[in-house]
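Participant: Using the working numbering, read the sequence shown as starting at 76 and increasing by one per residue.
Derived from the structure by calculation, the hints contain no laboratory data.
Any given hint could be a false lead.
[Said to hold, decoys possible] Using 30 Å as the maximum straight-line C-alpha spacing, the simulated BS3-like pairs for lysine-lysine come out as follows:
id, residue 1, residue 2
1, 299, 249
2, 523, 484
3, 484, 455
4, 481, 523
5, 455, 397
6, 392, 464
7, 392, 418
8, 198, 299
9, 215, 194
10, 423, 483
11, 527, 483
12, 426, 539
13, 484, 426
14, 527, 481
15, 215, 249
16, 527, 392
17, 483, 455
18, 503, 423
19, 455, 423
20, 464, 404
21, 481, 418
22, 392, 484
23, 481, 426
24, 198, 252
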Amino acid sequence: MGPAESLTYELLTWRSGLDILLISFGLFFLYRTLLRLGTWKILAGILLALMVFILANAMNLKGIEWIYHNVSNVAVLGLIIIFQPELRKILEKAVSVSPGRLKDQGTDLYEMTGEALVKLAQKHCGAILVFPGREPIRDKISGGYDLNATPSIPLIFSIFDTNSPGHDGAVIIKNGKLTQFGVRLPMSQSTRLSNELGTRHHAAMGLAEQTDSLVMVVSEERGKVSLFVNGEMRPMRTANEITEALIQYQRGKGFLERNSVFKIRKRTIFQAVVSLVIAVIFWSSLTVAKREIVERVLPVSIDYTTPPEDLALVGEKPNEVKVYLSGPKSDIDNLANNPPSIKIDLSKMIKGVQTIIITSENLRLPKGVTLLDTSPQQLKLSLAAVVEKNLPIAPQIIGKLPGTLKIKKITVTPNSVLVAVPVSKEEKIPTEILTTPIYLESISTDSKLFCKIIARPSIQPVSKRWPDVEVFIEVK
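With the hints as extra help, turn the sequences into a complete structure.
Facilitator: Okay, structure coming up:
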């Protein structure tokens, strides 16, 4: 079976089909949400950068690959910050499981709304009416006054009268009741609307972008009615048109004209097909990349566990091994960027020279990556018995005192430390423990200094922690 036939066979399995469907659904949902929020241009730029990296990887351009690997982690954090509102919106949309229809608020209400808005437009009286959808809007709006009244034309006229304290805000109509007025809406952050449109239009678009609410706006300057929903704006010309749009919205059909529904469905189907094609290409690229087997030599560090309490590791202690690996190029590249480590377990070893053969059990390798060889192939480690010994602490004096000054007395506190010392031919038992260097050139009077202890790694304090040493130098 050739590579193409093998890829096709794997593509037709149910796991691959489910994987591709989930990826395509995620792409489609992400695109539709970002398109509605007006941030699709940023997403297009990110996709372009991703395409550049894919081409650079295919052409083996090391410079671009280096930039990508070193910047990608920071870029992901930056994208999360930039797209925080959009990501929040996507998650809110993903968990929205409400029924398709909204609660019927009555045809009379919609007819009254259409008549009121047209009359307000004729009088050039600005107004904003919000009909919340299935998504909550409480965290998107601010201010306003609570009200529980039956909507009517006189009431709406009085609220949007220029002498009313809440005429610049929005009215919320929910479950057939006018629940709030004078409410402030979030401003749109997109560039969809012309700057010629006023604050009411940008506020209505802001709420329509962030929620599934329907917002009606009456322009004070132009005397026209506009409808906002799902991040889109459409002019309303007559009261009947407004009524029909509200009825369709209540039924979950949006505000589209009947003759435009087919066009929108065609566009949606096209977007879904494109998402599916991209998902297939993405999945196939990953599959092909995983099938490209390469061999590479990687240097890896060695981690040693603690030996038994009565033993200590002495002599030469290697800290790096070269491993020869074979596996999918993507996995090998990941290992090159984040090298594994070889774990050597000393906890069950006994006294003497131990020969350790390095195998794949010492490495945590991804599935599909094979360990071919190592250099060196084995490690020889020496463990010696440990004895406890009380060693004096000697200050490490360097240089001379300035001028004619001389050392009168040196007092070390503590003056000794109980240590565990390995007994072996490779390492002799020291007669004292030194401190960090003390430079006499900087001392001109009696001085108290605090030092650390310096010792071989095989020598450890019985108390598990080296004491801080106080050195008092008297001069004359």
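Participant: Next pair to validate is residue 426 with residue 539; report whether the Cα-Cα distance is within 30 Å.
Facilitator: The given pair, whose Cα atoms are some 22 Å apart, holds under the 30 Å limit.
Participant: For a C-alpha distance cap of 30 Å, please report whether residue 483 and residue 455 respect it.
Facilitator: 50 Å, violated
Participant: Between the alpha carbons of residue 198 and residue 252, is the straight-line distance 30 Å or under?
Facilitator: Holds. Residue 198 to residue 252 sits at ~25 Å (cutoff 30 Å).
Participant: Would the pair residue 455 and residue 397 pass a check requiring their Cα atoms to be no farther apart than 30 Å?
Facilitator: 16 Å, holds
Participant: Next pair to validate is residue 481 with residue 523; report whether the Cα-Cα distance is within 30 Å.
Facilitator: 16 Å, holds
Participant: Taking 30 Å as the top limit, are the C-alpha atoms of residue 299 and residue 249 close enough?
Facilitator: 24 Å, holds
Participant: Just to be careful, I want the Cα atoms of residue 527 and residue 483 compared with a cutoff of 30 Å; is the pair within it?
Facilitator: Holds, at about 23 Å.
Participant: If you draw a straight line from the CA of residue 481 to the CA of residue 418, is it 30 Å or shorter?
Facilitator: 52 Å, violated
Participant: Are the Cα atoms of residue 392 and residue 418 separated by 30 Å or less?
Facilitator: 13 Å, holds
Participant: Next pair to validate is residue 215 with residue 249; report whether the Cα-Cα distance is within 30 Å.
Facilitator: 16 Å, holds
Participant: Residue 198 and residue 299: Cα distance at most 30 Å?
Facilitator: 10 Å, holds
Participant: Between the alpha carbons of residue 527 and residue 481, is the straight-line distance 30 Å or under?
Facilitator: 24 Å, holds
The structure fails to meet hints 3, 10, 13, 17, 20, 21, 22 and 23 from the earlier list, while all remaining hints are met.
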